[in-house]
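> Sequence:
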Amino acid sequence: MATREEISNFIKDILAEEFECERESINDSTNLFTELDLDSIDAVDLVVRLQQQTKKRVNPEDFKKIRTFGEVVDVVEKLVNE
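Heads up, the sequence shown stops at 81 in numbering that gives the first Met the number 0, and the numbers go up one at a time, no gaps.
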């Protein structure tokens with residue numbers, strides 16, 4: 000089982016590598032779209048990358064409502080600890 004901190008760091012790594020986001024500027028309340036400038040295509044790319052890394056299928060419905068980094072961590076934490 001992965002801890003929330005491990006999952007958070009893992010997702011921050013993806014955001015930094017794939018989308019050139021500053022790790023230091025990301026916290027649970029960071030808005031993916033307004034603060035990190037991700038768009039809907041970026042969100043799909045993030046889901047694909049998360050699926051590749053976790054080897055688990057991410058339910059698209061879970062991601063439709065997500066707006067903040069913390070919400071991404073919540074979904075991935077639930078997924079990997081099932």
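For the record, the hints were derived by calculation from the structure and aren't laboratory data.
Keep in mind that this is a model prediction, so the values were computed, not measured.
Warning: the hint list may mix true and false statements.
Below are the PhoX-like pairs computed for lysine-lysine, each with C-alpha atoms no more than 25 angstroms apart in a straight line [claimed, not checked]: (1) Lys77 to Lys54; (2) Lys77 to Lys64; (3) Lys11 to Lys63; (4) Lys11 to Lys54; (5) Lys77 to Lys55; (6) Lys64 to Lys11; (7) Lys11 to Lys77; (8) Lys54 to Lys64; (9) Lys77 to Lys63; (10) Lys11 to Lys55.
> Please go over all the hints and tell whether each is borne out by the structure.
Against the structure, the hints come out as follows:
{"no.": "1", "hint": "Lys77 to Lys54", "verdict": "14 angstroms, holds"}
{"no.": "2", "hint": "Lys77 to Lys64", "verdict": "16 angstroms, holds"}
{"no.": "3", "hint": "Lys11 to Lys63", "verdict": "20 angstroms, holds"}
{"no.": "4", "hint": "Lys11 to Lys54", "verdict": "18 angstroms, holds"}
{"no.": "5", "hint": "Lys77 to Lys55", "verdict": "11 angstroms, holds"}
{"no.": "6", "hint": "Lys64 to Lys11", "verdict": "19 angstroms, holds"}
{"no.": "7", "hint": "Lys11 to Lys77", "verdict": "17 angstroms, holds"}
{"no.": "8", "hint": "Lys54 to Lys64", "verdict": "22 angstroms, holds"}
{"no.": "9", "hint": "Lys77 to Lys63", "verdict": "16 angstroms, holds"}
{"no.": "10", "hint": "Lys11 to Lys55", "verdict": "19 angstroms, holds"}
Consistency note: the structure conflicts with none of the earlier hints.
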